[in-house]
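Enquirer: Line by line, the protein sequences give chains P and D.
Numbering of the first sequence is given in the working numbering, commencing with residue 24 and proceeding in unit increments.
Numbering of the second sequence is given in the working numbering, commencing with residue 24 and proceeding in unit increments.
Heads up, some of the hints might be wrong.
No copy labels: a pair is met if it fits in one copy or bridges any two.
[As the list claims (entries may be wrong)] List time: in silico DSSO-like cross-link candidates among lysine-lysine, alpha-carbon distance up to 30 Å:
no., residue 1, residue 2
1, Lys155, Lys87
2, Lys155, Lys297
3, Lys329, Lys120
4, Lys297, Lys34
5, Lys120, Lys67
6, Lys87, Lys172
7, Lys172, Lys329
8, Lys329, Lys67
9, Lys124, Lys329
10, Lys124, Lys87
11, Lys120, Lys87
12, Lys87, Lys308
13, Lys155, Lys120
14, Lys87, Lys297
15, Lys297, Lys329
Hint data in this document are derived by calculation from the structure and do not stem from the laboratory.
None of the values given here were measured: they were computed from a predicted structure.
Each chain is listed here by its residues.
Number of protein chains: 2
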Amino acid sequence: MDTRWHLAVSKDLSAVSEVMGSSIRSDSPELTEICEYALGSGGKKIRPAMCILAFRACGGEDSKQAVEVGAALEMIHSATLIHDDINDEGDLRRGAKVAYKRYSISRSIIAGDFLFAAGFNLIGGASREIIKCIFEAASAMGAGEFDQKGFEHDPRVTESSYLRIIEEKTARLIECAARSGAFLARADASAADALGSFAHDIGMAFQIVDDTLDVVGEEGATGKRIGSDIMEGKPTLPIIYAMQDPSLGGRIRELFESPRLDWAEAEEAISLIKSTDAIQRCLSKARGMAEGAIGLLDALEESEYKGALRDLARYIVDRDR
Amino acid sequence: MDTRWHLAVSKDLSAVSEVMGSSIRSDSPELTEICEYALGSGGKKIRPAMCILAFRACGGEDSKQAVEVGAALEMIHSATLIHDDINDEGDLRRGAKVAYKRYSISRSIIAGDFLFAAGFNLIGGASREIIKCIFEAASAMGAGEFDQKGFEHDPRVTESSYLRIIEEKTARLIECAARSGAFLARADASAADALGSFAHDIGMAFQIVDDTLDVVGEEGATGKRIGSDIMEGKPTLPIIYAMQDPSLGGRIRELFESPRLDWAEAEEAISLIKSTDAIQRCLSKARGMAEGAIGLLDALEESEYKGALRDLARYIVDRDR
Numbered sequence: 024m025d026t027r028w029h030l031a032v033s034k035d036l037s038a039v040s041e042v043m044g045s046s047i048r049s050d051s052p053e054l055t056e057i058c059e060y061a062l063g064s065g066g067k068k069i070r071p072a073m074c075i076l077a078f079r080a081c082g083g084e085d086s087k088q089a090v091e092v093g094a095a096l097e098m099i100h101s102a103t104l105i106h107d108d109i110n111d112e113g114d115l116r117r118g119a120k121v122a123y124k125r126y127s128i129s130r131s132i133i134a135g136d137f138l139f140a141a142g143f144n145l146i147g148g149a150s151r152e153i154i155k156c157i158f159e160a161a162s163a164m165g166a167g168e169f170d171q172k173g174f175e176h177d178p179r180v181t182e183s184s185y186l187r188i189i190e191e192k193t194a195r196l197i198e199c200a201a202r203s204g205a206f207l208a209r210a211d212a213s214a215a216d217a218l219g220s221f222a223h224d225i226g227m228a229f230q231i232v233d234d235t236l237d238v239v240g241e242e243g244a245t246g247k248r249i250g251s252d253i254m255e256g257k258p259t260l261p262i263i264y265a266m267q268d269p270s271l272g273g274r275i276r277e278l279f280e281s282p283r284l285d286w287a288e289a290e291e292a293i294s295l296i297k298s299t300d301a302i303q304r305c306l307s308k309a310r311g312m313a314e315g316a317i318g319l320l321d322a323l324e325e326s327e328y329k330g331a332l333r334d335l336a337r338y339i340v341d342r343d344r
Numbered sequence: 024m025d026t027r028w029h030l031a032v033s034k035d036l037s038a039v040s041e042v043m044g045s046s047i048r049s050d051s052p053e054l055t056e057i058c059e060y061a062l063g064s065g066g067k068k069i070r071p072a073m074c075i076l077a078f079r080a081c082g083g084e085d086s087k088q089a090v091e092v093g094a095a096l097e098m099i100h101s102a103t104l105i106h107d108d109i110n111d112e113g114d115l116r117r118g119a120k121v122a123y124k125r126y127s128i129s130r131s132i133i134a135g136d137f138l139f140a141a142g143f144n145l146i147g148g149a150s151r152e153i154i155k156c157i158f159e160a161a162s163a164m165g166a167g168e169f170d171q172k173g174f175e176h177d178p179r180v181t182e183s184s185y186l187r188i189i190e191e192k193t194a195r196l197i198e199c200a201a202r203s204g205a206f207l208a209r210a211d212a213s214a215a216d217a218l219g220s221f222a223h224d225i226g227m228a229f230q231i232v233d234d235t236l237d238v239v240g241e242e243g244a245t246g247k248r249i250g251s252d253i254m255e256g257k258p259t260l261p262i263i264y265a266m267q268d269p270s271l272g273g274r275i276r277e278l279f280e281s282p283r284l285d286w287a288e289a290e291e292a293i294s295l296i297k298s299t300d301a302i303q304r305c306l307s308k309a310r311g312m313a314e315g316a317i318g319l320l321d322a323l324e325e326s327e328y329k330g331a332l333r334d335l336a337r338y339i340v341d342r343d344r
């Protein structure tokens, strides 16, 4: 990944990987192996990158603590992914077999719990503010999953419900990454708020793009099976917009309501959604959010790292995986 | 529960319940309900009691922090129970339907994660020592579950493997409860070590007794289905001892090795184990451990709370549920 944002923090991100590697060592080689498998499958490390870039953009120098908090965020995020894959009955994650299919459901539940504990342990030495922020984000993730379940296969889901769900599921932890970085750099409140709002909006845009990739992505690039969200009846923005289409919306609604789709029906839904303006509307919304977020960075002094944050924002909306 | 140890801390244990109740509030009423269900099913609260008794036995007065750490320990313990029940495919816990059967597997996985996060958040304000101790215990629990899985249906399991498993699964967190209480009371190292070793040994005895109750308990009292461990092929001390019986051991080994027992075979196994001296050996081992543990309390000054700790130790080995 040779994007500019990544280059600006590549040394710190290597340190994040090292910290994660040593934090998951345990007496059980199999437990360690599952954690390595879950952490090592080449994720984008958006959360640690956001934390460290925020830290550096606020003038932070010794990045040790920001690296630790970043590693903790990535571990907590990975723990929820292991458990989400069980809940969603997913097959692939980042192009590899999901952990529970490789190692069994029960081993994966335990490994997720272990990663959670290891992540919280890493931030145990951090300030009360950071712990509180990460906890609130972690519990919002749970509430978001519950909210999302409540709207599965339910065509009454609105755009505002969707936005609340992705805020809880995704944006809050990314916001927390940036706020933690700013906090560790002892940034003033206005810089911390600007970075927090920036990261929040980038998190929202990130999830919207993720949800479009379930329709228009390529399995080789995304590493996930295309159409999984549709099969599961997940309420996503492309579906919400597509159901509003005056001519095709009725059939899309029918397919979304169906409690069980086969792959042929999922492909029909994908092709119908692509025939509406739903994807275009989603991407334009995500790009608008990212550009708005970039505007918030005006509160910070110009620097290599502020440039990298802008680059990260644009990468997130333009990516194909 | 009108045992003496319980009376000595009943006010503090009510405070523990209040802290837990307010810590699990969330935006999702269903999430809160599952957590209340899991926490509210009348557990013995051994971990908070151990923390608070240790705190008070070391002369601690304002118990606010000990109550919070106790609540955190109970929440972390309950989170693992929710997940364990999924892994073990259990039916009953404390006389009630297990959470995942009432609310679905996926909701229970998320609720367990939420309880974990809420527990760690509660101790976020505590000292680094306490966080480290709780994390190490939480990760040992994961390693213990993996170890235990490795010996399922395997008659080669030894007593020393069993003791290592229950140390990881159970004793470490109870030890940590006592050490945290002593730490919060600013006890000296010798008192903290004595209480830590006491709680460790009581934790071991607790698990041995729990494992005998799977053979000789009454479902009405234990609130669990008798013979569940045997059905699942869990390596427990009653089975290990029973397999050593010169005349009945062979058949018990056969049943233990069988990957799938029906209830009739489980009942045969129970009846065979009862015909050996296994239960008697287990209980005598547990009682010996408890009496040894009580001896360790000599390091502490006599007090109402030291008396309650002795009472707790005896309650744990004499209970029928």
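Enquirer: So, for every hint listed, does it hold in this structure?
Expert: Quick rundown of the hints versus the structure:
1. Lys155 x Lys87: So Lys155 and Lys87 pass the 30 Å test inside a copy (20 Å) and across (19 Å) alike.
2. Lys155 x Lys297: neither (42 Å within a copy, 51 Å between copies)
3. Lys329 x Lys120: neither (36 Å within a copy, 54 Å between copies)
4. Lys297 x Lys34: Neither: 40 Å inside a chain and 62 Å across chains, both beyond 30 Å.
5. Lys120 x Lys67: within (17 Å within a copy, 41 Å between copies)
6. Lys87 x Lys172: neither (38 Å within a copy, 37 Å between copies)
7. Lys172 x Lys329: This pair counts as neither: shortest intra-copy Cα distance 37 Å, inter-copy 49 Å.
8. Lys329 x Lys67: within (19 Å within a copy, 54 Å between copies)
9. Lys124 x Lys329: Neither way: Lys124 and Lys329 sit 41 Å apart in one copy and 50 Å across, limit 30 Å.
10. Lys124 x Lys87: Neither: 35 Å inside a copy, 44 Å across copies.
11. Lys120 x Lys87: neither (33 Å within a copy, 47 Å between copies)
12. Lys87 x Lys308: Neither: 36 Å inside a chain and 48 Å across chains, both beyond 30 Å.
13. Lys155 x Lys120: neither (34 Å within a copy, 33 Å between copies)
14. Lys87 x Lys297: Cα proximity of Lys87 and Lys297: none, with 46 Å in one copy and 58 Å across.
15. Lys297 x Lys329: Intra 36 Å, inter 71 Å, cutoff 30 Å: neither.
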